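A.B. asks: Got chain A; can you put chain B on it based on the hints?
Each chain is listed here by its residues.
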Amino acid sequence: MNFSEVFKLSNLLCKFSPDGKYLASCVQYRLVVRDVNTLQILQLYTCLDQIQHIEWSADSLFILCAMYKRGLVQVWSLEQPEWHCRIDEGSAGLVASCWSPDGRHILNTTEFHLRITVWSLCTKSVSYIKYPKACQQGITFTRDGRYMALAERRDCKDHVSVFVCSDWQLLRHFDTETQDLAGIEWAPNGCVLAVWDTCLEYKVLLYSLDGRLLSAYCAYEWSLGVKSVAWSPSSQFLAVGSYDGKVRILNHVTWKMITEFGHPATVNNPKIVVYKEAEKNPRLALGRLAFPPPRAAPGPSSTTESKYEIASVPVSLQTLKPVADRANPKIGVGALAFSPDNYFLATKNDSIPNAVWIWDIQKLKLFVVLEQLSPVRAFQWDPQQPRLAICTGGSRVYLWSPAGCVSVQVPGEGDFQVLSLCWHLNGDSLALLSKDHFCLCFLETEERVGTTFGRPGDHT
Amino acid sequence: MGEWMTVTDPDLSSESKNICQYTSETKMSPSSLYSQQVLCSSIPLSKNVHSFFSAFCTEENIEQSISYLDQELTTFGFPSLYEESKGKDTKRELNIVAVLNCMNELLVLQRKNLLAQENVETQNLKLGSDMDHLQNCYAKLKEQLETSRREMIGLQERDRQLQCKNRNLHQLLKNEKDEVQKLQNIIASRATQYNHDMKRKEREYNKLKERLHQLVMNKKDKKIAMEVLNYVGRADGKRGSWRTGKTEARNEDEMYKILLNDYEYRQKQILMENAELKKVLQQMKKEMISLLSPQKQKPRERADDSTGTVISDAEEDAGELSRESMWDLSCETVREQLTNSIRKQWRILKSHVEKLDNQVSKVHLEGFTDEDVISRQDHEQETEKLELEIQQCKEMIKTQQQLLQQQLATACDDDTTSLLRDCYLLEEKERLKEEWSLFKEQKKNFEKERRSFTEAAIRLGLERKAFEEERASWLKQQFLNMTTFDHQNSENMKLFSAFSGSSDRDSLSVHSRPRQKKPHSVSNGTPVCTSKLTKSLPASPSTSDFCQTRSCASEHSSINVLNITPEETKPNQVGREGTNQKWSMASRPGSQEGCYSGCSLTYTNSHVEKDDLP
Chain A
27 MNFSEVFKLS
37 NLLCKFSPDG
47 KYLASCVQYR
57 LVVRDVNTLQ
67 ILQLYTCLDQ
77 IQHIEWSADS
87 LFILCAMYKR
97 GLVQVWSLEQ
107 PEWHCRIDEG
117 SAGLVASCWS
127 PDGRHILNTT
137 EFHLRITVWS
147 LCTKSVSYIK
157 YPKACQQGIT
167 FTRDGRYMAL
177 AERRDCKDHV
187 SVFVCSDWQL
197 LRHFDTETQD
207 LAGIEWAPNG
217 CVLAVWDTCL
227 EYKVLLYSLD
237 GRLLSAYCAY
247 EWSLGVKSVA
257 WSPSSQFLAV
267 GSYDGKVRIL
277 NHVTWKMITE
287 FGHPATVNNP
297 KIVVYKEAEK
307 NPRLALGRLA
317 FPPPRAAPGP
327 SSTTESKYEI
337 ASVPVSLQTL
347 KPVADRANPK
357 IGVGALAFSP
367 DNYFLATKND
377 SIPNAVWIWD
387 IQKLKLFVVL
397 EQLSPVRAFQ
407 WDPQQPRLAI
417 CTGGSRVYLW
427 SPAGCVSVQV
437 PGEGDFQVLS
447 LCWHLNGDSL
457 ALLSKDHFCL
467 CFLETEERVG
477 TTFGRPGDHT
Chain B
7 MGEWMTVTDP
17 DLSSESKNIC
27 QYTSETKMSP
37 SSLYSQQVLC
47 SSIPLSKNVH
57 SFFSAFCTEE
67 NIEQSISYLD
77 QELTTFGFPS
87 LYEESKGKDT
97 KRELNIVAVL
107 NCMNELLVLQ
117 RKNLLAQENV
127 ETQNLKLGSD
137 MDHLQNCYAK
147 LKEQLETSRR
157 EMIGLQERDR
167 QLQCKNRNLH
177 QLLKNEKDEV
187 QKLQNIIASR
197 ATQYNHDMKR
207 KEREYNKLKE
217 RLHQLVMNKK
227 DKKIAMEVLN
237 YVGRADGKRG
247 SWRTGKTEAR
257 NEDEMYKILL
267 NDYEYRQKQI
277 LMENAELKKV
287 LQQMKKEMIS
297 LLSPQKQKPR
307 ERADDSTGTV
317 ISDAEEDAGE
327 LSRESMWDLS
337 CETVREQLTN
347 SIRKQWRILK
357 SHVEKLDNQV
367 SKVHLEGFTD
377 EDVISRQDHE
387 QETEKLELEI
397 QQCKEMIKTQ
407 QQLLQQQLAT
417 ACDDDTTSLL
427 RDCYLLEEKE
437 RLKEEWSLFK
447 EQKKNFEKER
457 RSFTEAAIRL
467 GLERKAFEEE
477 RASWLKQQFL
487 NMTTFDHQNS
497 ENMKLFSAFS
507 GSSDRDSLSV
517 HSRPRQKKPH
527 SVSNGTPVCT
537 SKLTKSLPAS
547 PSTSDFCQTR
557 SCASEHSSIN
567 VLNITPEETK
577 PNQVGREGTN
587 QKWSMASRPG
597 SQEGCYSGCS
607 LTYTNSHVEK
617 DDLP
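Chains as they are written, first to last, in my numbering: chain A, 27 to 486; chain B, 7 to 620.
With the rest of the complex left out, here is chain A (with noise of 0.2 Å):
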């Protein structure tokens, strides 16, 4: 496993190239654009103010950056360098900016959610949809980027308006049987969209794209719900983690749940693999030497080594007591992931946080746990393959797949603090992002990996 140099960063700004071919990466107000496997830079521009978004078209042709201080958008051209555009939103503010599908159009949200302003680069047509849902994920495009489904309130209910990206019209427009939308997801397929209520309420609807209410799910009442959301690649499975700290399953054909993901604070089947990682320190071993420690403690966690532990069952995992008296309590499965060959969830109980639970789906049963010494910040799923990569805002990332599981030192002087993470879309290297620097980890081809990486037997 190799590492690059050590580049600047701002506000965790680093993005690859929809293509794989650039990586895009903010210091202040600079947007820096690299090749992915020279890392030399490509093109430099420099925008009005300091960027707090950045993101590429779906053709890798262009990048937004956004100042939503200034409620500016700047966008750049890789091909003409020399190509600008920069859209104001005056007055009305900014709070959020995106590409439309086709890399041609950027919609603008305004400030307290007034409308949302669609930018033609091709025309110079502009476009407003009124009523945009202040909400935790109001806009969804369907992966082919033909359909944008939007959260809506008016009149004090919530609606989706389905609009064609091609030509932003209005193809459905239906009200949703939620109190209070919390978001909406297309399915991979574009099929299919969930919509699921805000935490009061457990309830996840799901629409067909035509706006035909396919079958609503509430699990349980009164206490609260719905925390996180993820489709399956295939569109087959709907996972839903909510605030009790379970994980359903919904399935696509009858959309019951198939089954039921508990986060128990003790793991106690001994099929399951639980991977504790674990620090010690290579002086305590040396320490019979008589030579004092060369260098005063340069940081304790570049000193020490960690490693992962098989623990054996029965396992308690250190839990947090949720605070009661505050609101969002750090409870319930606050994030999932299935991996992109639909074989693993990847699930975090934000009362346990130290610990990432990987599911296998084909048996619909949890097969590893990961204890970390310190809280999960992110983890990632490689876009190619069953292996994940967390972070947890040490010096190390840590990586998974199925034959084991190893903790990598970031390398470099000072501490790298890893506080996230993005995959390359070969998923031959990963970004790792601190608070203002980043570097590319290269990993090792697919024999060499075999070596590298620990076998569960080794580990013991």
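In case anyone wonders, no lab produced these hints; they're calculated from the structure.
Cross-link-like lysine-lysine pairs, in silico, DSS-like; alpha carbons within 27 Å at most:
1) B/205 with A/156
2) A/156 with B/252
3) A/389 with B/284
4) A/95 with A/461
5) A/183 with B/213
It should be emphasised that the depicted structure is a prediction, and the values quoted were computed from it without experimental measurement.
C.D. replies: Chain B alone, transformed into the frame defined by chain A:
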């Protein structure tokens, strides 16, 4: 007590025993002691005693003591010690006899009293111990009663407490329920209030938004703009199209196309899955059938209770032909058939498995019950059997040993291995020898029988010759009326025809049967015997021929009676018929007897021979 010890006397052994018993009795009352003293004092036999009682009677006061005693005794109803006084003045004489009688009586009385006393004492003792026991019992029971009473009170108390608790809990539960209800009401009311407020606020917020929108958007905000160097082409290279009704329709079409595609895709998948499942079902069915058929054949042969399987199998076979075509048929028909047959097979399999299970369990149970319940009788029987077996084995071993010794004595130069083998085979050899001799016997018997039969046959032949001669003479007489014919030839021919007609004579001789049977039944005794004999003696052509000819002839005659054929031989046949019947009638008793006697002869012979055999 020391006194009493001295009183004991070897002469009064019986009394002393009693006394000894009394001495052991510590609680003796002094009054009784005294009375005994008194009683004992009246015994003047022993010197010791006498000397001891000198205080009562001395040389001087004999008279007084005697008179005193007399007085005492008379008051107690004894006869007077003195002789009957003849006169008032004469001094009364001491009557020795009376004294002795009195004494004896006193002694007897005393003994009786002692016995009675003893009984009373023992009874007293018994009663005392009984009393003690009862008192103990009483105390114990009282204690028990007390404890149980206390327990009861405790339990009652506990019960009361529990009831109290229960009541409290009920009350609490009720309170809680009320509380829950109240809280739910509160929640509901709050929720409605909240929703109401939310709505109000949202409306206000919307109004504000609207206002803001107007303010922000309507004012010609120059800032809201897009600066672009030049417009870029569309990603697909097309130009943007105007929005018209057509585009709308097209969009709709496209949407439905997408949906349709999705549904088609899913349908295809489902079909594929269905096909797979069907395949699996088919395979399962086949396997089930193949699994079940060998097991089911046997019961079907035994008892036709498994008609269901036959039917299903038949259906199966019928369905097999159209299986391939049915593959593409709509689900329902195939499904029904498949599921039905599978269900049937499954039921059969299930019942079979259950049966097996039952058998297994039964065997288990039986095993257990056998072991547990039938212990006595079966045990004994079994042990008897086993003992018998052991006995037999022992005998066998003994005989074997004997034989071995004999063998050793006779053929000690043989190899040990062969010897041993011989030992093992000896019994079998013996048995074989026995069998061999038996066979020989039988053979001899058979030969004897055969001989007798041949003799009988010869006799019969002779008889026949005689008969023939008779007939010839008779024929000679007939010859005057009829033309001559070759007797021998006709006989042969008749035989032949009889044989040829034997295959379908049953059908022909329906009417004749009863008649035909009669002679057979008459000679019932013989056929059994003869048949037996023929069976046991396959190489006895004479007798069999004889039988055949006889039966054939009789049958033929009956046939001929029915169908009167206008043949040339008809008169002959008629004649022969008559002769035959005559012959049969005439000869039967004789032949019967002959047979019988032959049989009995052989049997007796065989018996005799058997006895003669070594």
